Every structure is written in C-alpha cells, then in structure tokens.
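Those sequence lines, one after another, are chains D and F.
Mapping the first sequence onto numbering that gives the first Met the number 0, position 363 (from 1) lands on 362, and the numbers just tick up by one.
Mapping the second sequence onto numbering that gives the first Met the number 0, position 78 (from 1) lands on 77, and the numbers just tick up by one.
None of these hints come from the bench; they were simulated from the model.
Being a predicted model, the structure only gives us computed values, none of them experimental.
Some hints could be false.
[What the hints assert, rightly or not] Away from chain D, derived, C-beta distances all over 10 Å, residues of chain F: (1) Ile1; (2) Ser6; (3) Asn42; (4) Asn52; (5) Ile53; (6) Glu56; (7) Ser111; (8) Gln126; (9) Thr137; (10) Glu140.
[To be verified] To give an idea of the interface, some chain D residues facing chain F are shown, with a C-beta separation under 7 Å as derived from the structure: (11) Gly173; (12) Gly174; (13) Leu179; (14) Val182; (15) Gln184; (16) Arg187; (17) Cys278; (18) Ile279; (19) Leu286; (20) Pro308; (21) Phe310; (22) Leu319; (23) Val436.
Every residue, glycine too, gets a C-beta built ideally from N, C-alpha and C.
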Amino acid sequence: MFASTDISLISLIENKQVIYAVVDYMDNHATELVNEAVYIQAVRKLIQTKTRKTEQQRLAKTFDLENLISAGLVIEVDKATRNILFHSAVIEIFRLFDSKRLRELTNADLEDLSARLDNAREGLLKHISGDTEDLDEQIEVVFLLLSEISSRLQTNTRSLQSKAQNLAETIDVGGDLTLLEDVAQKHRTLAEIHKIYHRNILPMLEFLNEYEQIKGLSPLKKITAIHNILEDFSYTDEAYRVQQYKISITTHYKTIESISQLLERYSRQEKRYRQQYNCIESAYQLLMDSAEQLSDGKLNTQYFNEDDPCFNHADALYGLKHYRAAQKSLINWADINHRAYLDEYLLNAEQRKLDENSVAQVQSLLHKEKQLEKWQGQQHKNELEKFIDQIIITAPVDDIYSEIFSLLQESIEQADLSDVLFIAKQLQINKQWNLKVHFEQEQSILVHTKTSQKLSYWRRELQA
Amino acid sequence: MIQSEKSRHIYADLINGRIINKFNLEHDNQLIPNADYSELFSNLESYTELYRNIGFELVFRGSFFFIRDLHLGDTYKEMAIKIQVSLLILARKITAAGFGFDLLENENAGISAAQLEEITQEDEVKQLILAAKLGKKTLHEVVKDVLLEKRIMEKNAQQRYILSDAGKYFFKQLFDQEKASSEL
Chain D
0 MFASTDISLI
10 SLIENKQVIY
20 AVVDYMDNHA
30 TELVNEAVYI
40 QAVRKLIQTK
50 TRKTEQQRLA
60 KTFDLENLIS
70 AGLVIEVDKA
80 TRNILFHSAV
90 IEIFRLFDSK
100 RLRELTNADL
110 EDLSARLDNA
120 REGLLKHISG
130 DTEDLDEQIE
140 VVFLLLSEIS
150 SRLQTNTRSL
160 QSKAQNLAET
170 IDVGGDLTLL
180 EDVAQKHRTL
190 AEIHKIYHRN
200 ILPMLEFLNE
210 YEQIKGLSPL
220 KKITAIHNIL
230 EDFSYTDEAY
240 RVQQYKISIT
250 THYKTIESIS
260 QLLERYSRQE
270 KRYRQQYNCI
280 ESAYQLLMDS
290 AEQLSDGKLN
300 TQYFNEDDPC
310 FNHADALYGL
320 KHYRAAQKSL
330 INWADINHRA
340 YLDEYLLNAE
350 QRKLDENSVA
360 QVQSLLHKEK
370 QLEKWQGQQH
380 KNELEKFIDQ
390 IIITAPVDDI
400 YSEIFSLLQE
410 SIEQADLSDV
420 LFIAKQLQIN
430 KQWNLKVHFE
440 QEQSILVHTK
450 TSQKLSYWRR
460 ELQA
Chain F
0 MIQSEKSRHI
10 YADLINGRII
20 NKFNLEHDNQ
30 LIPNADYSEL
40 FSNLESYTEL
50 YRNIGFELVF
60 RGSFFFIRDL
70 HLGDTYKEMA
80 IKIQVSLLIL
90 ARKITAAGFG
100 FDLLENENAG
110 ISAAQLEEIT
120 QEDEVKQLIL
130 AAKLGKKTLH
140 EVVKDVLLEK
150 RIMEKNAQQR
160 YILSDAGKYF
170 FKQLFDQEKA
180 SSEL
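Generate the whole structure from the sequences, applying the supplied hints.
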C-alpha cells in the first residue's frame, strides 16, 4: 500500500537531507537526472540514524521509489540507466528551504528571458490597435513574464549572495597552509568562486545593465519599449505597472555588483596563484635545460655557466660575497631559536650599560651553560610542561609576560625569567594567541627577587 | 648620525656576506623592524661613503642591504646563482606537491626539515645542487648553510623555514619579469 502525496511529501520535508543530497548531485553534475545509487545511499544513511525499528520501516516504505512514483513526486525511473527524474516542483521546494541550494540563472536562462521579452513586445505591438480580447490576453502575457523575471532575478540574487558569502568565509577562515588537504580545499573554493563569477555574475551584470547590447536591445530597454507602447496608446495604468516592474528588476543591480566586487578579489587571488605556479615552473624548466646542456647527464665536474640567461632572475643579488671563515663568530650555536634570545639581549644592551649593578640579565641560554643544563633538565622541563597544560589565562591581558611571571612564581619555585619567554612562546603556538607588541618609550622590566635577574622587554598585549 | 655600536654590528654582518633585512622574525612569529636596517636607511649617504672608502659598494634593494666588492661589482655571480638554484628548487617542489607559494611567505607556515630531506632524495635535485657548486649537501644543509646564513630565509617558532625580505624580493622580481615578458 502506497502513502498519499501529502504524507510522502511531509516525510521528505521532515528528512530534508535525502533530497538535499539529490539536489547537490544534480548541481554538481549539471543534470536533472539522479543516479539511483546516490538516492539509495542517502536513504540508507537516513535510516541508519533511526533507532526504532518501526520508524525505520516507515521511512523505508515512504522513500521507496515505487511509492514516490505513485505519489507523483518522482516522474520516472529509467530501467536501463537507473536514473531517477524527480518532479521539478519537489526539487524547487527544497531549493527554497536552503538559499545555498537555490538554482542560479545561467547565461542561457537570461538569454531566454531576453528573447521572451522580445516576443512579448512584438505581440503587444501587433495587437495594440486590434481586438480588445486579444490585447487583454497579450497584456496578461507581458505581466506574467515580467513577474516571472522579477521573481527569478530575486531568487537568483539571494542564492548568489548566500553562496558568495559562504565561499568567501571559507577562504577567509583560511586553514593551515602547511596541510595539503587545507590548501587543496582552498584552491577548490577559489576555483568554485572563479566559476560562479564567470558563469553567473557577469551574465547577470550584463542583463541588468541598460546600456548592454544582448542580441539587439538590452532587456531593460525592451521593458522600456513595452512601457512606451502602452503609454503611447493611453494604457497609462498598465504602463505604470510595467515601470514599477522595471524599477524592481533594476534594484538587483547594486546587490549583484557588490557580490561581483567581493568575488573579483578572490578571482584575482586564484589567478595570482596560477601565475605564480606557471612562473616558478617555467623558471625551473629553464634551470633544468641549462643543467642538461652541461654534459651527458653526469654533472660531477660540470657547473652552471654563470652567463646563462636563466640566471638573470638573481641579478639583484649579484656581487653578494661568500662567507669569510676568518671572520666567523666563535659562538657555538645549539639547535634552538637563538635569534629570539639574541634580539632580546641586544635590545637591553644599552640599558644594562647604564645600570652598573645589573649583570646581563636576560640570560640568553647560549652563554650560560649551567642555565641551559638546568632548562634542559628533565625535571624542570616536566614542571614547565605541566604548568603550560594547566595554566588558564583569559584574554585580554595587558602584559602577558608579567601575567605569566606572577602565575609561574606561585607554581614553580625554581622558575627563572627565561622560563617566562619559553612559556609565552609555547602558549602562543598551542593556543594561537594574538599578541600585539607595544614599542613604547621605555621597555617594561621584570625582576626576579630571589635571583635578582632582570628581563627588559617590549610589552606584549594578549588580545581577545 | 652614524651610531658607532650599531655600525660595528652592521659591519660584522655585511663583511661576512650577510644580508640586512628590513624586518626580523621574532620568536613569536612577529615581524619586527630591524634596528640595523633603520640605522643604514637613516644614514644611507654616510654608510655608502663609508663602505666606498673601504672598497665596497653598499647595495640597497628597498627591503634589504648587502655589500659587494667595488672592483668586481655585479660580475661576481657565484653566490647569487647558488641562492637562485636553491630557491627555485624549494619553490618548484612545494608548488608541484600541491602547496601554495605562500607556504614560503607566511611567517606562520614555512617548509619543514622533513620536507627538505624528502625533496633531496630526488636525483634531479642532487644534480642541480652539484651543478650550482654546492657540493653533495642535502637541501636541508643548503638551506641552513646558505639561505639561513645569508638571511635569505628565516626559521620561525615552529622550526620551519620561511623567506626573509631578500628571499621575497627574489621571487617578486621573478614574477614581475615573467609578467612583463608575457605582456609583451
């Protein structure tokens, strides 16, 4: 026994994800036909989410294709290709539920509307001085068409706006540039934006621009022509209504233009990526060509010819010298980020000179072997890691170093000022903190009362 | 006016063939104005004169400084070629792997040591490194010994390598040249 049309439709609406999967398939494959496997998979997925057996059975019955055909929601299932043709009204209803899934007007759709405007104008011209009944019928055709254009443009604008905002947000949120999947996702989104921009936005702008020529007059000029015909033959009320439709249609221009500007930015970004890729590829190929010319492939004794044109890209660095071993500093760099400590050290050099009592206090871990050992000592490290895991700091914080230091002193007796830098760095990486460095008149100073260590630094603000 | 202490610090870098970039990368991945660059920029004429008197040309490229021998001028290209070859290998391998070029530009991203070791395994890369007079170094060694040492690249808080101002300048010039030639 089959369920009635309304019961079946209510079931589809209550479980929208099935038809959403169908709509997505149609849009991705630019087709009206849906592969039966896609539909069945979506239904199975839905049924698996239900725990009660009776509910599972009810859904299986309702979503059975035979039932949907009987209810008139599916037109046919092609037995040879196993493709399903849903009733267009059903698909359109579900598109209305989700603005992201509204169908955008393509260039072909817009050209069709424009051609129909031509026909309506010609029909009106033909009957304007003839039989009243024919003319009334023709005027009704004109208004039905104008109403359809206005409604389709409105739906289209809503859809494009929603889609553009979603895609733009996806790009802006970013993702991790070091993860291939995130990068690939970003490129896919940019390609999608590029497609929408060229397939939907540009034709819409063309359609809504009064001065654009689309196979003769622009659509808006055609509407104006219809208005003029009605006005010339004293159908002032009808002419006024036509004018109102025209105003309603032109209001979409601004929205579409702002979407266009938004997408143009991303479209350019995608173009820039492609240009960079091509450019690197071509420069690398020139380099490879140059390498291949050196010999028969064995390069053991062959070096690049310095005058090869492929090296013109490096001309900004011509003359840059080799490292002079005699001038080499004797500092033995361990494998940690020394620049951070060196920069802090250099920043404080002047101040330390002025203060006779102070010793070089930001103890760059490079020079203080004992401290380095202590820092690397497993026990101390464990304590710091535990502290980092447990610490709770809520943004905003005016001076993050001072905040960490005061919390650190309460927790770890052996802690020193270099631990503050280490903890701040780790927390920034772990918690993705947004720190703002304030270059003020004077540097802030932290003093460790037990060891009389001092840390001078530019204040770093933790922003929300 | 030239500040003696900064001047000595700058000299120690330049005479060792290092580049002075406009920005330095702080340990928290923030780009901080480089005080040495500001010193050179503020007293450009004086420093140009100073280095000319001791036989060097102070080269200013907008976002970085370096010195070159007055007599050799731009005819000495060996180091520039080493840098170009290394940078092109890096850029080509990461873009061919599907990453964006911004992996090398963004201070929070960068190429890791593991990725560099992986790239080195390719025979093509070994041959290019050899032809650029970089010996039998791995790409990671090249990055550390040449690009990092010369300050063409920097290491960020995640221990990944990113381009410095000078490195970015190289690619900007490359992209601009290609763009100009494609527009002709």
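For each hint, the structure was consulted:
no.	hint	result
1	Ile1	holds (16 Å)
2	Ser6	holds (14 Å)
3	Asn42	holds (18 Å)
4	Asn52	holds (18 Å)
5	Ile53	holds (13 Å)
6	Glu56	violated (7 Å)
7	Ser111	violated (7 Å)
8	Gln126	violated (5 Å)
9	Thr137	holds (16 Å)
10	Glu140	holds (14 Å)
11	Gly173	violated (10 Å)
12	Gly174	violated (11 Å)
13	Leu179	holds (5 Å)
14	Val182	holds (5 Å)
15	Gln184	violated (11 Å)
16	Arg187	violated (11 Å)
17	Cys278	holds (4 Å)
18	Ile279	holds (5 Å)
19	Leu286	holds (6 Å)
20	Pro308	violated (11 Å)
21	Phe310	holds (5 Å)
22	Leu319	holds (5 Å)
23	Val436	holds (6 Å)
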